[in-house]
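Visitor: Residue-level listing of the chains:
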Amino acid sequence: MLPSFVDFTMRTRLVAGPGLVRELATELAGYERVLVISDAQLVKLGLVREVTEPLEAAGVDVVGVFSDVPPNSEVEVVMAGAGFARARQYDALVAVGGGSVIDTAKAINMVVATGQHLLDLQGLGVLDEPLGTLVAIPTTAGTGSEVTSHAVIKDAGTSAKLTFTSPHLAPDLAVIDPVMTRDLPPKLAASTGMDALTHAVEAYLSTNANPFTDALALEATRLIAQNFRRAVRERDEESRYGMLVASSLAGAAFNVALVGCVHAMAHACGGLYDVPHGVANAILLPWGLEFNREVAAERVDELGRAFGVEDGRQFIEAVSSLAAEGGLPTRLSEVGVPREGLEAVAEAAAVDGAVFTNPREAGAEDLLKLLERAF
Amino acid sequence: MLPSFVDFTMRTRLVAGPGLVRELATELAGYERVLVISDAQLVKLGLVREVTEPLEAAGVDVVGVFSDVPPNSEVEVVMAGAGFARARQYDALVAVGGGSVIDTAKAINMVVATGQHLLDLQGLGVLDEPLGTLVAIPTTAGTGSEVTSHAVIKDAGTSAKLTFTSPHLAPDLAVIDPVMTRDLPPKLAASTGMDALTHAVEAYLSTNANPFTDALALEATRLIAQNFRRAVRERDEESRYGMLVASSLAGAAFNVALVGCVHAMAHACGGLYDVPHGVANAILLPWGLEFNREVAAERVDELGRAFGVEDGRQFIEAVSSLAAEGGLPTRLSEVGVPREGLEAVAEAAAVDGAVFTNPREAGAEDLLKLLERAF
Amino acid sequence: MGVFKDAAELYECIGGLFRRGAEHPEMGPKIRASKLIIKFQYTNPEAQLTIDAKNPPPEGMYFNVIEGENDLQADVTMSMEADVAHKFWFGKLNLVMALNRGMMRAKGPIAAILKLLPSIKPAYELYPQYLREIGKEDKIMG
Amino acid sequence: MGVFKDAAELYECIGGLFRRGAEHPEMGPKIRASKLIIKFQYTNPEAQLTIDAKNPPPEGMYFNVIEGENDLQADVTMSMEADVAHKFWFGKLNLVMALNRGMMRAKGPIAAILKLLPSIKPAYELYPQYLREIGKEDKIMG
Numbered sequence: 001m002l003p004s005f006v007d008f009t010m011r012t013r014l015v016a017g018p019g020l021v022r023e024l025a026t027e028l029a030g031y032e033r034v035l036v037i038s039d040a041q042l043v044k045l046g047l048v049r050e051v052t053e054p055l056e057a058a059g060v061d062v063v064g065v066f067s068d069v070p071p072n073s074e075v076e077v078v079m080a081g082a083g084f085a086r087a088r089q090y091d092a093l094v095a096v097g098g099g100s101v102i103d104t105a106k107a108i109n110m111v112v113a114t115g116q117h118l119l120d121l122q123g124l125g126v127l128d129e130p131l132g133t134l135v136a137i138p139t140t141a142g143t144g145s146e147v148t149s150h151a152v153i154k155d156a157g158t159s160a161k162l163t164f165t166s167p168h169l170a171p172d173l174a175v176i177d178p179v180m181t182r183d184l185p186p187k188l189a190a191s192t193g194m195d196a197l198t199h200a201v202e203a204y205l206s207t208n209a210n211p212f213t214d215a216l217a218l219e220a221t222r223l224i225a226q227n228f229r230r231a232v233r234e235r236d237e238e239s240r241y242g243m244l245v246a247s248s249l250a251g252a253a254f255n256v257a258l259v260g261c262v263h264a265m266a267h268a269c270g271g272l273y274d275v276p277h278g279v280a281n282a283i284l285l286p287w288g289l290e291f292n293r294e295v296a297a298e299r300v301d302e303l304g305r306a307f308g309v310e311d312g313r314q315f316i317e318a319v320s321s322l323a324a325e326g327g328l329p330t331r332l333s334e335v336g337v338p339r340e341g342l343e344a345v346a347e348a349a350a351v352d353g354a355v356f357t358n359p360r361e362a363g364a365e366d367l368l369k370l371l372e373r374a375f
Numbered sequence: 001m002l003p004s005f006v007d008f009t010m011r012t013r014l015v016a017g018p019g020l021v022r023e024l025a026t027e028l029a030g031y032e033r034v035l036v037i038s039d040a041q042l043v044k045l046g047l048v049r050e051v052t053e054p055l056e057a058a059g060v061d062v063v064g065v066f067s068d069v070p071p072n073s074e075v076e077v078v079m080a081g082a083g084f085a086r087a088r089q090y091d092a093l094v095a096v097g098g099g100s101v102i103d104t105a106k107a108i109n110m111v112v113a114t115g116q117h118l119l120d121l122q123g124l125g126v127l128d129e130p131l132g133t134l135v136a137i138p139t140t141a142g143t144g145s146e147v148t149s150h151a152v153i154k155d156a157g158t159s160a161k162l163t164f165t166s167p168h169l170a171p172d173l174a175v176i177d178p179v180m181t182r183d184l185p186p187k188l189a190a191s192t193g194m195d196a197l198t199h200a201v202e203a204y205l206s207t208n209a210n211p212f213t214d215a216l217a218l219e220a221t222r223l224i225a226q227n228f229r230r231a232v233r234e235r236d237e238e239s240r241y242g243m244l245v246a247s248s249l250a251g252a253a254f255n256v257a258l259v260g261c262v263h264a265m266a267h268a269c270g271g272l273y274d275v276p277h278g279v280a281n282a283i284l285l286p287w288g289l290e291f292n293r294e295v296a297a298e299r300v301d302e303l304g305r306a307f308g309v310e311d312g313r314q315f316i317e318a319v320s321s322l323a324a325e326g327g328l329p330t331r332l333s334e335v336g337v338p339r340e341g342l343e344a345v346a347e348a349a350a351v352d353g354a355v356f357t358n359p360r361e362a363g364a365e366d367l368l369k370l371l372e373r374a375f
Numbered sequence: 001m002g003v004f005k006d007a008a009e010l011y012e013c014i015g016g017l018f019r020r021g022a023e024h025p026e027m028g029p030k031i032r033a034s035k036l037i038i039k040f041q042y043t044n045p046e047a048q049l050t051i052d053a054k055n056p057p058p059e060g061m062y063f064n065v066i067e068g069e070n071d072l073q074a075d076v077t078m079s080m081e082a083d084v085a086h087k088f089w090f091g092k093l094n095l096v097m098a099l100n101r102g103m104m105r106a107k108g109p110i111a112a113i114l115k116l117l118p119s120i121k122p123a124y125e126l127y128p129q130y131l132r133e134i135g136k137e138d139k140i141m142g
Numbered sequence: 001m002g003v004f005k006d007a008a009e010l011y012e013c014i015g016g017l018f019r020r021g022a023e024h025p026e027m028g029p030k031i032r033a034s035k036l037i038i039k040f041q042y043t044n045p046e047a048q049l050t051i052d053a054k055n056p057p058p059e060g061m062y063f064n065v066i067e068g069e070n071d072l073q074a075d076v077t078m079s080m081e082a083d084v085a086h087k088f089w090f091g092k093l094n095l096v097m098a099l100n101r102g103m104m105r106a107k108g109p110i111a112a113i114l115k116l117l118p119s120i121k122p123a124y125e126l127y128p129q130y131l132r133e134i135g136k137e138d139k140i141m142g
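Chains as they are written, first to last, in my numbering: chain A, 1 to 375; chain B, 1 to 375; chain C, 1 to 142; chain D, 1 to 142.
Next up, chain A with everything else stripped away, as it sits in the complex (with noise of 0.2 Å):
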C-alpha cells in the first residue's frame, strides 16, 4: 500500500568518488573564491588542505578559513562566522567536517544571506529565496547533513538545540570521498556508522516514509551490513567510501521521511546528559526497533533482509552486536545518564519533533520503559 502522500526531492546534487576533491575546481567551474569553515583539528590533521591545494593550484582563490567550529556548535560561533564571512567577498562557501561544520556553514549562509539574527531565523519555511552556493565536504560517515535541509545549532543561554529547516539550506553540491575520513578514529568510526544506520532504519519506519525514501532506506542498510566492520577495524579506502555513501543515502531518506522514537531518546540523552549522538543512537537502536516491531513487524523484516539476515528478530540481534563490535557503549549507565534522570529524558523525548513520525505512539511512560531497559 502506498502512503496517500508522497513527497520527495533531493536539492542537493551529490557527486561522490575516491580522490574527488582534488576534482573540485572542476565542480566549481565558473567560482573563483571561495571560503571554506571547517573546524581546528581538520586544519591540523591536514584535510582542510586536502580540499584547498587543489583549488588553489586551479586557480581559485582560498579566501578564508573560519576554522572555530566546535563539534557542537552554537549560535555566537554562527555569528562569528557569519562576520568572518562579511568581511571577505566570495562567491561559495565549502564546508569541510562533520554535521556540526556542514550545519554551522548551513547557518552562516542563512545568516549573511538574510541579514538577520541566527536566533530570527528558527522555524519551517523562513527563507523566501535561495542562500549562497554552499558546498558539504563531509569528514565523517554519519549525520548525512550534506544533503539535509536541516540545521542543529546550541543555544548556549539556554542549553537548547534550535532547529533550522528550509529546503533552501540544502547544500548545493555535496562532495563525497573517502580521503576525506582516512584519519576518522574507529570509535568515532563506530558511533557516526550507527548514526547513519539509525537515519536509515527510522526514515523506513516513519509514519511520513515513501517509496523514495523507501528505497534509499533500505540501500543505505545494505551497504552499512557490507561495510560497517571493515571501515571500523581495517579503514581500507573502499569500506569507508561505502560507508560515505550509504550516510548520504542515509541522509536523503530521513531528510524526507524524518525519523523517530530512537532519536527523540538520542536527543533527550544529548541535551541532558551530553551523551554523543551517535553513541545514543547506537545504544537505543535495537531498543527502539524492539517497541516499534509490534506495529511494523514487516518492515522490520524488510530492514533485516537488507542487512543480510533472515528476518526482523535477527537483525535487532544484529545491530546489538555491530555496536559492540565496534568497541561502543551498549548501555546508557555506561555514558553517565544516571538512573534517577531517564524519567526526564522521557519526558523531553516525548515532546520532541522525531517522535511525532514515530510508527507506534510513543508516550513518555512508553519511551520510560525503554530507556530502562537500555540503562
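Sample of chain A residues facing chain C (criterion: CB under 8 Å; computed from the structure): (1) Phe5; (2) Val126; (3) Asn208.
Since the hints were derived computationally from the structure, they do not count as laboratory data. Values in this document were obtained by computation on a predicted structure and should not be read as measured data. For every residue, glycine included, the Cβ atom is placed at its ideal position computed from N, Cα and C.
Following the hints, position chains B, C and D against chain A.
Guide: Same frame as chain A, now just chains B, C and D:
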C-alpha cells in the same frame, strides 16, 4: 563494489497522492497566474479542467491553455507555444499531459527564458540560468519526464529527434495524481507501463548506475510488478497510483543513470518506422535483457528478485508475458518494421546516445542479431 | 471558495474554539504553562489570532485570545491558509507533514509548538462539537 | 598547473593530433562524411580548435584543422578545460559522464557528436604515440 564515480540529484520536488491536483493551489502558494500546456484530447476528456477548476476556485488565474501539442512534439509547435506564452503574463507554466506535452513545456520554458530559437538551444550544459517555474502533471505512467532534465523534440524538417539536456530543464514540481490517468486506454497503459519498466531496468544495468539510481530503479521494478496488470485491466485508482509513482521513480533513476541498448533500438524504430516508443521498448526489452545478462547476470537476477521472481531467467520470461498480457504486440514484424529495414535500425541504434551506457558493448552487428530475434 | 466567508466568520469559528480551549480544564493549564505568545496569521480570508499565555489572562480563562493585529512580541508565528487551519482543528492534518509541505510556515522555535501538540488533542473533538453549537454544522468535515 | 603551458603548446599537442587524424585512413573519411564543423573551445589555456569537414580540405587531408578564432558557423561547439580535453584523447574520459558532470558543454546536436565516437577510437592510441614522437613524453597519462 561501488562505482568510482557516483552522481545524483533530483531537483524536482515530487508530490503524489490521490486527489492531489485539487490541492495544486496550496503547492503553488505565491503564484497568481499560470499558463497551461496540454493537448486537445486531454482538454476534451476534461482532465485539463481537473487541474484548472480547483486552481481558479482558489483564486489563481489560468491565463491561457495551449493545447496544440501533438503526440510527438515538434520544433514548430514549441515555437508556437513560446509565442502563445510570450503574449501572456504568467508566473508558472503547468504541463498537463504525457511525455510529449511535458517535453514541449520544458522547451517552451527554455525558449521564453533565453529568447533564443529552440534549434540554437540543443546540447548539454547550454543553459546558464534557471528558467521560469514549471509544474508537470503526468497523464501517463511511463516517460518519467516530470522528474528528468531531458526533453526530446522532433525536427519535422529532417525527422531528427533533437535532444535537450540541462539541469535547468527539470520541472520544479511534479504533481502525481491517479485521477489524471483515469481515462488511459488499456493499450496505452500497457505500453507506457512497459516504457517505465524499461527505464528502471536499463537504469539499473547502465554503466552509469550508482547506489542512488539502483535503489530507485529496484523500487520502481517492485511497484510495476505489483501494479502493472491491475492498472491495465481493472484500472483501479490504487494500481494507477502505483504505476505513476513507479514511473517517477524510474524517471529519477534513468535521469542520472541513463539507459541502454533497448532504448537505442526503440529510438531507431520510432525514428525510422514510427513505432510507438513504449511498444518498441516492450518488444525489445526481453532481447536486450538476454543480451546484457551475459555480462550482468547478477544484476539481472537482482531485478528478477525485485520483480518477485527467482532469478534473471524467470525475469526475462515475466517481462515477455507482461507485455503480452497487456495486449501489446511482441514482434517487430507486427508493428510495421520490414525485415529489410532491420539493418538500418541497427545502424541508427549503434550510434544512438543510449547505447553508450549499455553494460555490454553493442555494435551494429550485435544489435542486428537482437533485432532479428525480435522480428 | 474557502470555508470562511470573511474574517468575522473565522474569528467566530476558530477564535471561538480558542476561547473554549482557554477555559478547558485540561488544555488550558498546559498551554498556560508554556508561557508562549503564539500568533496565527491566516490568509483567505486575511485574519490574525493570538494566543497569549504570557500575560495575565481574564477571569475564568487560562490564557488570552486576541483577534486581529496587535503589538505583542510573538515567540512563534504560524502562517497558513484559513482552510488549512480549519482542517487542522479537526485533527485531519498531520502538522509535521503540513510544515514539510509548506502548507504551514512556522517562525520561531518549532520545538515549543511540537511540545504542545499532545496537549491540544481534546480540541479535535471540541471543534466539531462547538461548530454544531453555534449552528455551523455545514462546516463540519466528515 | 594545467597540462599545457600556453595555447601554442595545446595547438602543438591536440592540434597536432587533429592533423594526424585528418590524414588517418580510417578516421579521416568517417569524420569527413559527417560534413560537420566542430569547434572546440578550451580554457586554461584559452585556445580554440576547429574541425571543418564541410569545406574542401587541403591536399592529403580529409578535413581542415584550424587554430584560433574564425568566422565559420559551427554545427557543434564543445567547451571544456584543456586538461579535460587532454584526458579525453587518452580515452580516459567517458564522454557521456563528462557531459553529465558538466566537465564538457556541448552546444548543438549532440547526437551528431555521439555518432562520431566509435570512429575516433584510433585516436586514443594515436595521441600518446604522437606525443612521444614530438618529445612530449612527460604529458603521457599512465
